[in-house]
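2 protein chains.
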Amino acid sequence: MSDITKVALDAMGGDHAPYEIVKGAVEAVNATEDIQILLTGKEEILVETLSKFKYPKERIQIVNASEVIETAEPPVMAIRRKKDSSISVAMNLVKRGEADAFISAGSSGAVLVGGQVLVGRIKGVERPPLAPLIPTAKGVSLLIDCGANVDARSSHLVQFAKMGSVYMEHVIGKKNPTVGIVNIGAEEEKGNALVKETFPLLKACKDINFIGSIEARDIPAGVADVVVCEAFVGNVILKLYEGVGSTLIKKIKSSLMASFRSKIGALLVKPTLKATLKDFDATEYGGAPLLGLNGLVVKTHGNATAKEVYNSILQCRTFKEQRINEKIRDILSATEQETKE
Amino acid sequence: MSDITKVALDAMGGDHAPYEIVKGAVEAVNATEDIQILLTGKEEILVETLSKFKYPKERIQIVNASEVIETAEPPVMAIRRKKDSSISVAMNLVKRGEADAFISAGSSGAVLVGGQVLVGRIKGVERPPLAPLIPTAKGVSLLIDCGANVDARSSHLVQFAKMGSVYMEHVIGKKNPTVGIVNIGAEEEKGNALVKETFPLLKACKDINFIGSIEARDIPAGVADVVVCEAFVGNVILKLYEGVGSTLIKKIKSSLMASFRSKIGALLVKPTLKATLKDFDATEYGGAPLLGLNGLVVKTHGNATAKEVYNSILQCRTFKEQRINEKIRDILSATEQETKE
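Which chain is which? The protein sequence lines are Z and P, in order. Heads up: the first sequence at position 275 corresponds to 318 in the working numbering, and the numbers run straight through without jumps. Heads up: the second sequence at position 156 corresponds to 199 in the working numbering, and the numbers run straight through without jumps.
The shape of chain Z in the complex, shown without the other chains (with noise of 0.2 Å):
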């Protein structure tokens, strides 16, 4: 195995692209030497962007894609057709072991689908989750799952905190995270079928840190690190966590122009609210791993700045360097062999 981490780049996805891509890319070379980063687009266009930095030239290498796939397109019509895509192509790199790693800062849909179709699942990963990190009072939690597929069943919420498991203390660097599954209630015998269903597998699982069912309530006080649910409920959760905060912040700020006494006051505490703010703002974690892949496929927020896609670079060299994949099946081999005995 090679030291250096090679990360596949969608140079042409997102709001800000291709400029924000690639100067995130631009900064992560600068930063550190075992990274090399395979942009993938238009070449004419990145020839260009990239003539406006400095760095060192061998490790940004453009590979052509002619085609974008847009947000609005249906993703697997839009995965099977465009096969020159900058998602495709670079998806097709991680396939062929050519890069580690892919980020894409476009088509969530596109990313999904094309995590599973073309650089494939772990043998025995069931379903792969997408898995973004939350605000919380005491830091970060990992919500698993927010992927496409909805309508899970029992053994694939089991595999969810697994692998969450495994990400959480290895690329976030929390020891034994505590697991809990989303619920309507704390008790035991509380609960949908699905999770009435999979508490007690979760129950039985000696290599995770389960603590039971976490009502939705105590989930922004941090209260498990890793969140399982199926992708219905993560989804309504990481949108709903965006909605509240940013329709609250919208009324503090209306509110604190209402008066004469709350403008000057407004004016003193703007740059501690505008920070504490932003620390709780679930887009700004914006690289969410599909975990359970051949390779890491992480997608990054539609209006990633250079920083973060800087920082998912980072992320996919600790993947890489902690052999993420390796202790992912590890971890699910145990347990088939538990079973089988």
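A hint or two may mislead.
Any copy, or any two copies together, can satisfy a pair, since identical chains are not distinguished.
In silico lysine-lysine, DSS-like type, Cα no more than 30 Å apart, as pairs [as the list claims (entries may be wrong)]: (1) K282 / K233; (2) K49 / K166; (3) K125 / K233; (4) K370 / K246; (5) K293 / K218; (6) K282 / K296; (7) K166 / K126; (8) K181 / K233; (9) K181 / K294; (10) K125 / K239; (11) K125 / K217; (12) K217 / K294; (13) K138 / K233; (14) K233 / K166; (15) K166 / K293; (16) K246 / K166.
These are calculated hints, taken from the structure and not from any lab test. It should be emphasised that the depicted structure is a prediction, and the values quoted were computed from it without experimental measurement.
Fit chain P to the given chain Z structure using the hints.
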């Protein structure tokens, strides 16, 4: 039909019982002439509490109930065994037609179970939903269902949409309320099995103002007046609303105490900030109706004070005056007709 609204009020339930509950009742009968309260609970305690207030004696009546259901008790068992509890006695008053409505700040589980077992459903109602009001940027929306019965069917969700529309229009006063179904994307083909099955049924309803799928992100913005979902998802939404709000508020408060500059500012913005945050606190809109029963059942928040009890009592009066249950019967049977034709 009498013009007086008779409310059976559980005087023993909630964190501030019996004092705040009794106080709310006293304020209601002092404010309006067409309300009568039947207070259920331990007679000697209630006689003593009532003696502290001035009010028209004939309009508050004590109905002795020797037992109290604690919030930690398993609800089915509690309703079955404690036949002389303040909840059971009050619900039986509604069942026998001696009261029009029931209000409790006590055990949610017992209220939900008791509503179905003791008060009973309106003929044709498959499942009674619990429908709290949640704050939005535009005012309030009705979140239906947040009850205890999970794993709903599409026919339940259609009834929720209809009952919620009636309530929003005639109790809250929102003309031709918009109805949205919670989904993981705005497109019609998205969703889990339940949502996909329900979507065309809602689209076909002529008697509601269906606007399609809504994402959780848009709920706080007030994109739909009636937010339809099954109870598990509704519970997650309601509790995450509380959780994100309270964590964010704590973070803001502690950040404002971090520097001298922001401390001074904090003093100036405090009153405005407090009012805004209170305005956006889901627990402030605590009088959630359990719809579709033979009589109105209202669950107020566990920490309800006199003001919330007072508001819930007035809500019961509107519910009766507007003949909500007749309207629910009409809208549900109109649909049955359509289906049969």
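So, going through the hints one by one against the coordinates:
In this assembly of identical chains, the alpha carbons of K282 and K233 lie at most 30 Å apart whether taken from the same copy (25 Å) or from different copies (16 Å). Taking the closest pair of Cα atoms, K49 and K166 come within 30 Å of each other only inside a single copy of the chain (22 Å); across copies the shortest separation is 65 Å, beyond that limit. For the homomeric pair K125 and K233, the shortest alpha-carbon distance between copies (22 Å) is at most 30 Å, but the shortest distance inside one copy (46 Å) is not. For the identical chains of this complex, K370 and K246 are intra-copy neighbours only, at 21 Å inside a copy versus 47 Å across copies, given an alpha-carbon limit of 30 Å.
For a Cα distance limit of 30 Å, the shortest separation of K293 from K218 across copies, 26 Å, qualifies, whereas the shortest one inside one copy, 37 Å, does not. For the homomeric pair K282 and K296, the shortest alpha-carbon distances inside one copy (21 Å) and between copies (24 Å) are both at most 30 Å. Within a single copy, K166 and K126 get their C-alpha atoms as close as 25 Å, which meets the 30 Å cut-off; across copies the closest is 57 Å, which misses it. Taking the shortest alpha-carbon separations for K181 and K233, only the intra-copy value of 27 Å comes in at or below 30 Å, while the best inter-copy value is 34 Å.
Proximity of K181 and K294 under a CA criterion of 30 Å is satisfied in both settings, with 25 Å inside one chain copy and 10 Å between copies. In the homo-oligomer, the alpha carbons of K125 and K239 lie at most 30 Å apart only across protomers (28 Å), although the nearest pairing inside one protomer, at 42 Å, exceeds that limit. When the C-alpha separation of K125 and K217 is checked against a cutoff of 30 Å, the pair qualifies neither within a copy, at 40 Å, nor between copies, at 47 Å. Taking the shortest alpha-carbon separations for K217 and K294, only the inter-copy value of 22 Å comes in at or below 30 Å, while the best intra-copy value is 35 Å.
In this assembly of identical chains, K138 and K233 lie within 30 Å of each other by CA distance solely across copies; the values are 28 Å between and 42 Å within a copy. With identical chains, the CA atoms of K233 and K166 are at most 30 Å apart between copies only, with a shortest distance of 28 Å across copies and 33 Å within one. Neither within a single protomer nor between protomers do K166 and K293 lie at most 30 Å apart by alpha-carbon distance, with minima of 46 Å and 44 Å respectively. Taking the closest pair of Cα atoms, K246 and K166 come within 30 Å of each other only inside a single copy of the chain (24 Å); across copies the shortest separation is 42 Å, beyond that limit.
Going down the numbered hints, you'll see the structure goes against 11, 15, while the others check out.
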